[in-house]
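A.B. asks: Construct all of the structure, not just a fragment, from the sequences and the given hints.
Spelled out from the first residue to the last, the chains are:
Protein chains: 2
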Amino acid sequence: MRIQRLTKDAKENLLEDLLKRSPNNYGQYEQGVQEILAHVKEEKDQAVFAYTKKFDHADITADNIKVTEEEIEEAYKEVDPKLVEIIRKALLNIRTYHEKQRQYSWFDSKPDGTILGQKVTPLHRVGVYVPGGKAVYPSSVLMNIVPAKVAGVDEIVMVTPPGKDGKVTPNTLVAAHEAGADVIYKVGGAQAIAALAYGTESIPKVDKIVGPGNIYVALAKKAVYGYVSIDAIAGPSEILVIADETANPRFVAADLLSQAEHDELASAILVTTSEELARKVSDEVDGFLKELSRSEIIRKSLDNYGYILVADTMDDVIDIANEIASEHLEIQTKNPYDVMTKVRNAGAIFIGEYASEPLGDYFAGPNHVLPTNGTAKFFSPLSVDDFIKKSSIIGYSEEALRDIHKDIEAFAEAEQLTAHANSIKVRFEGEE
Amino acid sequence: MRIQRLTKDAKENLLEDLLKRSPNNYGQYEQGVQEILAHVKEEKDQAVFAYTKKFDHADITADNIKVTEEEIEEAYKEVDPKLVEIIRKALLNIRTYHEKQRQYSWFDSKPDGTILGQKVTPLHRVGVYVPGGKAVYPSSVLMNIVPAKVAGVDEIVMVTPPGKDGKVTPNTLVAAHEAGADVIYKVGGAQAIAALAYGTESIPKVDKIVGPGNIYVALAKKAVYGYVSIDAIAGPSEILVIADETANPRFVAADLLSQAEHDELASAILVTTSEELARKVSDEVDGFLKELSRSEIIRKSLDNYGYILVADTMDDVIDIANEIASEHLEIQTKNPYDVMTKVRNAGAIFIGEYASEPLGDYFAGPNHVLPTNGTAKFFSPLSVDDFIKKSSIIGYSEEALRDIHKDIEAFAEAEQLTAHANSIKVRFEGEE
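From first to last, the protein sequence lines stand for chains R and E.
Residue numbers are given in my numbering: position 125 of the first sequence equals residue 125, and the series is strictly consecutive.
Residue numbers are given in my numbering: position 377 of the second sequence equals residue 377, and the series is strictly consecutive.
Because the hints were derived from the structure by calculation, they are not lab data.
Where hints are given, some of them may not hold.
Stated by the list, open to error - Derived CB-CB ranges, DEER-like:
1. E:Glu30 x R:Leu15: 43 to 53 Å
2. E:Asp286 x R:Gly180: 12 to 22 Å
3. E:Lys406 x R:Lys290: 19 to 29 Å
4. E:Glu399 x R:Ala62: 50 to 60 Å
Claimed, not checked - For lysine-lysine, the following DSS-like pairs were computed, each having C-alpha atoms within a straight-line distance of at most 27 Å:
5. R:Lys53 x R:Lys167
6. R:Lys41 x E:Lys11
7. E:Lys100 x R:Lys119
8. E:Lys119 x R:Lys119
9. R:Lys11 x E:Lys205
10. E:Lys100 x R:Lys342
11. R:Lys41 x E:Lys8
What the hints assert, rightly or not - Far from chain R, some chain E residues (derived; all Cβ distances over 12 Å):
12. Gln4
13. Asp9
14. Tyr29
15. Ala58
16. Gly163
17. Asp182
18. Val206
19. Lys221
20. Asp303
21. Met314
For glycine and all other residues, C-beta sits at the position ideal for the given N, C-alpha and C.
C.D. replies: Right under this line is the structure:
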């Protein structure tokens, strides 16, 4: 891996480089996505079937678009029972963590009859997108469905592209069934997002769409935002490791590679105060590359967006980590919790040399759907928060309103909203 | 106002009708907005100044774009001291309510060395858009700034279009100063959104943009979403009143008009079980229309999107209220809290005949920036939540990881992510 000093120039180049991976720079696909959205909105099922034929080469109709109980039973027969056991263990951890995120309605009352509060309501119906294709990720199914379940969503509608044979990968079906999907439709791509956003004869309109997908899916989600809600737009995966001279170079190297293997746009960055560690990690990376099955992807991703940066001080290291705002951030230093207190921006923070990133992908419990591409500056991991919404509660008595009615009237009149003022005034007509 | 029976057809027509108000149907402005965004991204300040000249007819330069302390002092001299007092009282209520929304970092530890948690961090820099033009709303300034302040945002950057004289309305400046804006720039429209999203020589890039605006502002916000975060896209205002035979028709009528006066796209709907109330409210509306200063706007908005619907049962009333998912929902019935428990979708719920909607606009404390146009099905009022983000915390000891390392490796291998499996394996090399 390339090793660089963390100079001001190196920093600026790096930040600019990483932004090239943003889905905001894929304008050339937007026209095609808009066409798919418009077509599905208009023609509904027929458009969905036609696009599924075109893109997935599968014959899907109203009769077979919904995964049947038999298909799910079939899937269980094909999946290694040991994997089912592991999925159940992971599910327990994921549920336990997400239950701690629950938020509750509250109110505050005063003896004058004032009640102010906030009512928390789960979303009614949610769509979960699960990618198909080469890499099938049952873990992603769990991570998207569990927070919706814990939030209390009434109906979880999953969509995933079928193979040419019109079937869904067994691992995906088993994970969906274990996590608690209420219904699964065989449709993927922008056409699936359109179907969830507008509704078709077969697929009901949802309130929110979550789940990662390719660039077409990401752009389609962005386009329907406002019409329905969406989760953060997922970009390519990334890891940033903060390490000092106490870090184990073999662990650091292995962790960098775990993200680099995702795809050629994935980014793996080590920032360290130790030149020696930098060299050793680079050597370990070379060693692992000879063994790993996905080394071709890894090589490309490291060439594109892999960096080892050597900084003068730990404060400089933390600065660049905060500017990059990585999806995954590992802290492998002498006092990792000290460093954590200074981290502002990261999707998930892995602390200490045994908190390896894949632990979070599969097992620990926190969600692995995380903000990418610098969006950890303002977005959060997928959570129960994504599947609830709040309503303000305002209750006032005659007495409580009387105390302040003239102030409200004056404020409304200052804004020249006389009908606003009037709606307060009528309640005290003739009082003075 | 038109009075209709709440039939299935009436319901469908109404829902379709209301959706016409959605900013998603204003595609014809998108091209222009995209041009402004691209131009500001490229030319920065120069583009901002040129657009401000073109749209606001004001001469703004790097030297006068930032509101000075002198300008703020000047503004205080022009604003009625009584209004300043009222703003301060309102601010106290708004702060008190929003303080209750604060969320805290938490963690959960086990004796085996596992620490799982969630770290809450305020956003670093936030942009608040404040509209100028005909209607100037200092209350909106308070509602957008206070939750950011309470969340602990480091820097609140306000933007608002200048008048032809290059000045900002005094009420706006005073409200901004009272609420705690750190800096105010004289720029509005899509060019202001672009400046906040990309940064210019004068205006720093922010992490999130909030605040209502016209269609250009709404489309610009939607376009930069993902690059920065935004609040929900604001549509025209709306009120829905649920009332039974116990409601005071004069209060109901006055409350409907308070929203209808906002603009011609505003919607005011009464749904009631009482035909008598329906008729009386309609009469009261006619009476008020003769007196109110904004009666021309009100007439148009009632013609467009004003309805009185008479339903057979309170359950039918609540059903349509949930389907419309109104920004403001008033419940004026015998047992309003009973009805509230059945309300799923509403921005703010006003309970009882003295909780008039404008009370919430100005004074009670809950935010008046609320989801519109049916988006209360999935969006929440603006709140402290909008100005924080979360990071997962994952700490594991060697012991804790050893217990589960084979499960994680097996899961990763089932997903064919061998480098993921490897990053766990290296930590227990040679153990067996």
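A.B. asks: Take the hints in turn and mark each one as holding or not.
C.D. replies: Cross-check of the supplied hints:
no., hint, verdict
1, E:Glu30 x R:Leu15: 43 to 53 Å, "violated (29 Å)"
2, E:Asp286 x R:Gly180: 12 to 22 Å, "violated (54 Å)"
3, E:Lys406 x R:Lys290: 19 to 29 Å, "holds (24 Å)"
4, E:Glu399 x R:Ala62: 50 to 60 Å, "holds (54 Å)"
5, R:Lys53 x R:Lys167, "holds (13 Å)"
6, R:Lys41 x E:Lys11, "holds (21 Å)"
7, E:Lys100 x R:Lys119, "holds (13 Å)"
8, E:Lys119 x R:Lys119, "holds (24 Å)"
9, R:Lys11 x E:Lys205, "holds (18 Å)"
10, E:Lys100 x R:Lys342, "holds (26 Å)"
11, R:Lys41 x E:Lys8, "holds (23 Å)"
12, Gln4, "holds (23 Å)"
13, Asp9, "holds (19 Å)"
14, Tyr29, "holds (14 Å)"
15, Ala58, "holds (22 Å)"
16, Gly163, "holds (16 Å)"
17, Asp182, "holds (18 Å)"
18, Val206, "violated (9 Å)"
19, Lys221, "violated (10 Å)"
20, Asp303, "holds (16 Å)"
21, Met314, "holds (19 Å)"
Hint violations for this structure: numbers 1, 2, 18 and 19, all remaining hints satisfied.
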